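Protein chains: 2
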Amino acid sequence: MANYKVIIVGASGAVGQEMLQVLDERNFPVGDLKLCATARSAGKKMLFKGKTYTVEETTPDSFDGMDIALFAGGAASTEFGPLAAEKGVVVIDNSSHFRLDPQVPLVVPEVNPEDVKEHKGIIANPNCSTIIMVVPLKAIYDAAGVKRVVVSTYQAVSGAGAEGITELTNHTRAALDGGQVVPSKFQYQIAFNLIPHIDVFQEMDYTKEEWKMVKETHKILHDDTVGITATTVRVPVYRSHSESVNIETERKITAKEAKEILANFPGVIVQDNPSNKEYPMPLYTSGKDEVFVGRIREDNSLDKGLNLWVVADQLRKGAATNAVQIAELVIKYGCLGKR
Amino acid sequence: MANYKVIIVGASGAVGQEMLQVLDERNFPVGDLKLCATARSAGKKMLFKGKTYTVEETTPDSFDGMDIALFAGGAASTEFGPLAAEKGVVVIDNSSHFRLDPQVPLVVPEVNPEDVKEHKGIIANPNCSTIIMVVPLKAIYDAAGVKRVVVSTYQAVSGAGAEGITELTNHTRAALDGGQVVPSKFQYQIAFNLIPHIDVFQEMDYTKEEWKMVKETHKILHDDTVGITATTVRVPVYRSHSESVNIETERKITAKEAKEILANFPGVIVQDNPSNKEYPMPLYTSGKDEVFVGRIREDNSLDKGLNLWVVADQLRKGAATNAVQIAELVIKYGCLGKR
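Chains as they are written, first to last, in full-length UniProt numbering: chain A, 1 to 339; chain B, 1 to 339.
Don't take each hint at face value.
Claimed, not checked - Keeping only pairs whose Cα atoms sit at most 25 angstroms apart, straight-line, the calculated BS3-like set for lysine-lysine is:
#: 1; chain 1: A; residue 1: 49; chain 2: A; residue 2: 256
#: 2; chain 1: A; residue 1: 304; chain 2: B; residue 2: 208
#: 3; chain 1: B; residue 1: 147; chain 2: A; residue 2: 147
#: 4; chain 1: A; residue 1: 252; chain 2: A; residue 2: 49
#: 5; chain 1: A; residue 1: 256; chain 2: A; residue 2: 332
#: 6; chain 1: B; residue 1: 147; chain 2: A; residue 2: 277
#: 7; chain 1: A; residue 1: 256; chain 2: A; residue 2: 87
#: 8; chain 1: A; residue 1: 252; chain 2: B; residue 2: 185
#: 9; chain 1: A; residue 1: 304; chain 2: B; residue 2: 185
Claimed, not checked - Computed footprint of chain B on chain A, listed as stretches where at least three residues anywhere in the stretch have a Cβ under 8 angstroms from a Cβ of chain B:
#: 10; region: 168-177
#: 11; region: 193-204
Since the hints were derived computationally from the structure, they do not count as laboratory data.
None of the values given here were measured: they were computed from a predicted structure.
For glycine and all other residues, C-beta sits at the position ideal for the given N, C-alpha and C.
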């Protein structure tokens, strides 16, 4: 099996670190490895399979001779993504910048793997909340059709990067010990609080995060007739996003059928045994690659509907794992760039 | 103005303490005051309007000669509620025991005040999550009709009483400092976690808390044609429940109209100015009596629908305040018990 030259851009951040970890765990065929980030992080040492790598500042030359570039997100994607693609590197990008570009496939490997083949150098990784919802949603979509989705999220602070994690700890200690709470990454104190405001406000007073869940899901499903409305909320949890997902289906599906369909769907683990207190919780899904689904119930207010409680590690399946899975598809389908 | 003889049963608990506080703040015409609780709390001292009261153990004799009994909830309601009513005391009960009894009015003063008049000795105070939802829901119901509601809750630990508060602090310190997390009041660690399990599991794998939101809302609105489906989740917040409420209306209502209607509805405060980061958050609504509504948006997936983000102090409007408001109606309508 061939080995591939892989570059991670934003390697030292919360998502970049997970990308490195996931490449290792999944035994991705890494030949050369280059770890890049902003000048601020250059010089930092990182380990991969027992070898120490030094983080370099990303420059246009960083991409020369590479096969696959995993972009963790942020401004680097717009600055270097198209340039890397021009150099024949396949860019798998976790930023929101290219996701809705019709020239760029937006891929969740369990849902629309074949879209990878259409890439023109850049493949976009969807928003974390979108990925976590769309995996179980596709299982139901295939089995019973989906008319409409009402989703409310409970999003962990690490969705805002490593600084989000630090801020939750700092705010929590300050709240408990009477210190000063200084919001910086978040709009308000996040410890012992909820903030119904993720990303910027846009049309109709929905946030960009809420619109991402609508528009990206439409693109991934190749179906914009599915009604989707979202309310996204930051919660004082370190890691793993949770979502309360109400689905109105086209055809009747029982809870029992839904459980079977979900259990057989790739990338989904059903945790649903109420009598034994089994349901997904963010504390226990962190570091895992699957989407956990529980509280699977027929909607008591509709003839054809379901309620699901969905939890997954948004740094793993919501970002790094999904990106590495896309890279695996690029290799599987033999659609690397031409250098 | 006459003064009334008031007894609080469960006075030393989280809700009982709030009842005392609310009686004070609202200048309820308290003549004699008796504070009762279980034997375990007897002897405890509590202050009311500068006077010290000693908590007594509740006995059948505790109710002799009283006008109004506020029951904070729990087993005392079934043990002493009917007995107190027989003695001519008007019982306002915060437990779930009598709420669905057709002989017992279930009242939210902003929604169905007149139902108080039908009481036969006991008036039930609804579940906290129900009260918080039904106040803004009634405003929309009156203005545009309601076909269906999808609600996901974010419920504070004090919904589980004073022990819930202690447990969040203990779990948080243990999680931060590496100590042992011992779940007792909650099923699992609640610090930095979410638990989609409040009260016991019942039919269709919904929890009792979820069914309360359906059945109590139907009773309060006198309309069981409204579809309601709920997912209730415990979050690591000390106080104030939050709810993401999606409402399908009978008639079209714009977000602008909804804001005006809600702002003019008694007991509601609209906090909705996204450009200024104004939206309700549980940290800032605690200790307040109103229901705060923000993130008011037309549902982008429906012709006729709204999304609301609703937050209120569940110990105040969700329990103590609502109970004292009911007591005020009892006096206003002159429907005290006959002794």
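Hint by hint, work out which the structure violates, then give me just those numbers in ascending order.
1, 4, 5, 6, 7, 8, 9
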